[in-house]
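Engineer: Listed here are the chains, written in short residue letters.
There are 2 protein chains.
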Amino acid sequence: MGNSKDFVKEITNIEDDFAQWYTDIVRKAELADYTDVKGFIAIRPYGYAIWENIQNYADKRLKEHGVKNISMPALIPESLLNKEKDHVEGFAPEVAWVTEGGEEKLEEKLCMRPTSETIFSTMYSKWLNSWRDLPYKYNQWCNVLRWEKETRPFLRSREFLWQEGHTIHETAEEAEKFTLEMLNVYADVIENLLAIPVLKGRKTPTEQFAGADATYTVETLMHDGRALQAGTSHYFGQNFSKPFDIKFQNREGKEEYAYQTSWGISTRLIGAVIMAHGDNRGLKLPPRVAPIQAVIVPVAMHKEGVKEKAQEVYQNLSKTYRMELDIRDQYSPGYKFNDWEMKGVPVRIELGPRDIEAGKCIVVRRDTFEKIEVSLEELETKLNNILEEIQNNMYQECEKRVQDKTTIAKTMEEFEKNLAENQGYVKTMWCGDADCEEKIHEQTGAKSRCIPFEQEHIADTCVCCGKAADKMIIWGRQY
Amino acid sequence: MGNSKDFVKEITNIEDDFAQWYTDIVRKAELADYTDVKGFIAIRPYGYAIWENIQNYADKRLKEHGVKNISMPALIPESLLNKEKDHVEGFAPEVAWVTEGGEEKLEEKLCMRPTSETIFSTMYSKWLNSWRDLPYKYNQWCNVLRWEKETRPFLRSREFLWQEGHTIHETAEEAEKFTLEMLNVYADVIENLLAIPVLKGRKTPTEQFAGADATYTVETLMHDGRALQAGTSHYFGQNFSKPFDIKFQNREGKEEYAYQTSWGISTRLIGAVIMAHGDNRGLKLPPRVAPIQAVIVPVAMHKEGVKEKAQEVYQNLSKTYRMELDIRDQYSPGYKFNDWEMKGVPVRIELGPRDIEAGKCIVVRRDTFEKIEVSLEELETKLNNILEEIQNNMYQECEKRVQDKTTIAKTMEEFEKNLAENQGYVKTMWCGDADCEEKIHEQTGAKSRCIPFEQEHIADTCVCCGKAADKMIIWGRQY
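In order, the protein sequences belong to chains A and B. Read in the numbering used here, the first sequence has 31 at position 28, and its numbers run on one by one without any break. Read in the numbering used here, the second sequence has 105 at position 102, and its numbers run on one by one without any break.
For the record, the hints were derived by calculation from the structure and aren't laboratory data. One should not assume that every hint holds.
Where chains are identical, the list cannot tell them apart; a pair therefore holds if satisfied intra-copy or between any two copies.
Unchecked claim - The calculated lysine to aspartate or glutamate pairs, modelled on DMTMM-like cross-linking and capped at a C-alpha distance of 20 Å, are:
| hint | residue 1 | residue 2 |
| --- | --- | --- |
| 1 | Lys442 | Glu417 |
| 2 | Lys470 | Glu459 |
| 3 | Lys71 | Asp36 |
| 4 | Lys41 | Glu110 |
| 5 | Lys108 | Glu81 |
| 6 | Lys257 | Glu151 |
| 7 | Lys63 | Glu327 |
| 8 | Lys129 | Asp248 |
| 9 | Lys374 | Asp407 |
It should be emphasised that the depicted structure is a prediction, and the values quoted were computed from it without experimental measurement.
Using the sequences provided together with the hints, build the complete structure.
Structural biologist: Given below as structure tokens:
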């Protein structure tokens, strides 16, 4: 089964080839696997457990904001997809079509949902009567299909899991406010659960969702300095409510079209966790989202009483923490240490005959590799502190990277130089012209991440065209 | 908005037209609605919350049995579906085919999963090496598509939500044992959460799942005496592991094919709850699965302090129970009483100025309409008892119906007479011949429910052909 050194060798060096490192982690840590259908992955138990933790955390937050879960059809008739012009242009090229059902050719072809604005809109139009019914704040956890050309597990798959929330409101103001409330839920999930700092802002019109008036985003920065869009929240105004006839009698007794939002996070967040925190030992999971928070590895397991004591400690800690006990016969402790490090378990607890005699154990942190002697009596209490410290430290490590890799550019020369040295976020002023945006993308490979909510005035002119500019914008190469 | 009488009038009488009553409940109680895609429903928040409660309860039980959740692709290549002969014959006629993706015709068409034995088998074959890896006990909560000709919300839809568990084991014995363990989890969910007694047994070969060696079932009896198959668990032996090459090195170092199971429950259970418990006032939900366990309806809400007190009681009870407070201005208390009865909320709490003065409230049970005076001080404690009593009473009501509607038939004349009078379950002896089964179905419209685990010897001969018979079997018309 190989020794510790072989183990690490199986994973490509993170600095040599980050893309291959990523794929190695996904497969070796058994997060996901390729399947017989191109671009479709199987999410394995260890990967899915991360998703379940994200779901539980996010679902609770959404419900605190009055969101209710529902289930809409997975198939959308072609005529329905075509109702909103920008939307169909954005999605039609990448949908999968069902054309036969029950051994017959369908009269109208049906697409597997790439997103469900059209279906929610149709049903909202059926259900809505009066301002008293509003708001509708509905969400579904489901799969969606987008026929991407280039795919990569979690980051860009032809099928992925997500939640898509769709709301309608009485006023534009309320809808816009809710759009930002949902963005803040995402920031909460990503920062507090996944220990990844986010950059919040508004997408440029070019980068907006197909059919939206405004798209807000939470952007994250990965180990290699590339950006990942981690969640988005869209304000539609009446763009869908008009073609879909979602209207209600308002407080003045008049007919009015509803104001709409939608917002989503997906299994892409698993990719974010891998790429934000991982290192050359493998995956590194923040304790709050880790399926296994601590693993007990008995040392000299054949010695009398070791296995029994390990089992006792395991039973105790399992009441409070998500625990694993590794009593596999066929592997050495050294192999197991590496195995669990590779799987990113935040804490390893080593327990040998001498430790037991002395009433203690060795706690090893995955983030710093620090070894801490802890008495068995205090273990249950101290473990909580250690896990919280790891969670905070992991966040700070990422925060530091964001600071290190965020630069200011006042000229295109600076822009290119910064990107070449750092990747990361490049802050510039921007005139607001889509042509400049396109030119920058062509010249640097970077796309606009967002116009951050927190603005700074770093220059008077657009980095690209030199015209007057009052918007600070952040750019970066992306996943 | 109509008064109380109009309210009940909107629902078809349950004895006059049970099918129409069912549809009325589904739509008026806002459990689900039809959509623009034939045979596809939208599950609304109130219906979906029932499903979430079922999911939470079942998921916890499954995890106690070592089951882990995963996610497999929604699409299956045609060649994969064709690998197991019986399986493809069973499902090919009712699948939906994706033939185009990303504006191109696919080289091989892909079906939307009707069930995922073929995919799990393919991945298990990739992952499995040694007996040490076994068992794999994986499950997914997902949607599936079956292109049914006749559809009815929850009971038979072209799309439905379910969990499908798929396991592989080292020995036939272990796999068979696990098949029954899962059946018992389903019995637990249906009896203890949904308050519906189940009949447990084995399906006849004719009624078995396509590709299975044995199918076990939990059968339930609805208000009108028709049976509903509520969950099934299948033992496959090596039927899939051989064509899909799922093999492992066994303890003797030899290659062996794994032993396999699968099992599922679905949103059909929502239909079971509606049809097992509902009455002429509408839906009647067992407290443990009810999205709202108790609703507070203030009486004379305009009087000083009433709304405030109601809010206070609501805040307190919400810590322990799933509560609703109905302070809608536009409806009378009478309207609200009927509305919440129709929605099946187990307990209504009436709170008026005089009650508040006397420090009490009126608790009204949805199952018996009994009115109970409870002091506000004791309300939190007593509510728990009342909810438990309702849960038990609802189970017993169903249990009584099963007893009343279960008859014995020794001849076909008796069989037909019993069914005509009672619908319900008809117990007979059966020779084991599929021809007799088919004849009985043609003659009576009843299908075999199962060969119950609890056998009785009620005669020496088959009810149909008169030949020697040693199996007691139960029949019934079905949903």
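Engineer: The structure should be examined with respect to each hint, and the outcome stated for every one.
Structural biologist: Now the hints, each set against the structure:
no. : hint               : verdict
1   : Lys442 with Glu417 : within (15 Å within a copy, 85 Å between copies)
2   : Lys470 with Glu459 : within (18 Å within a copy, 92 Å between copies)
3   : Lys71 with Asp36   : between (32 Å within a copy, 16 Å between copies)
4   : Lys41 with Glu110  : between (28 Å within a copy, 12 Å between copies)
5   : Lys108 with Glu81  : both (15 Å within a copy, 16 Å between copies)
6   : Lys257 with Glu151 : neither (44 Å within a copy, 43 Å between copies)
7   : Lys63 with Glu327  : between (26 Å within a copy, 18 Å between copies)
8   : Lys129 with Asp248 : within (9 Å within a copy, 50 Å between copies)
9   : Lys374 with Asp407 : neither (28 Å within a copy, 68 Å between copies)
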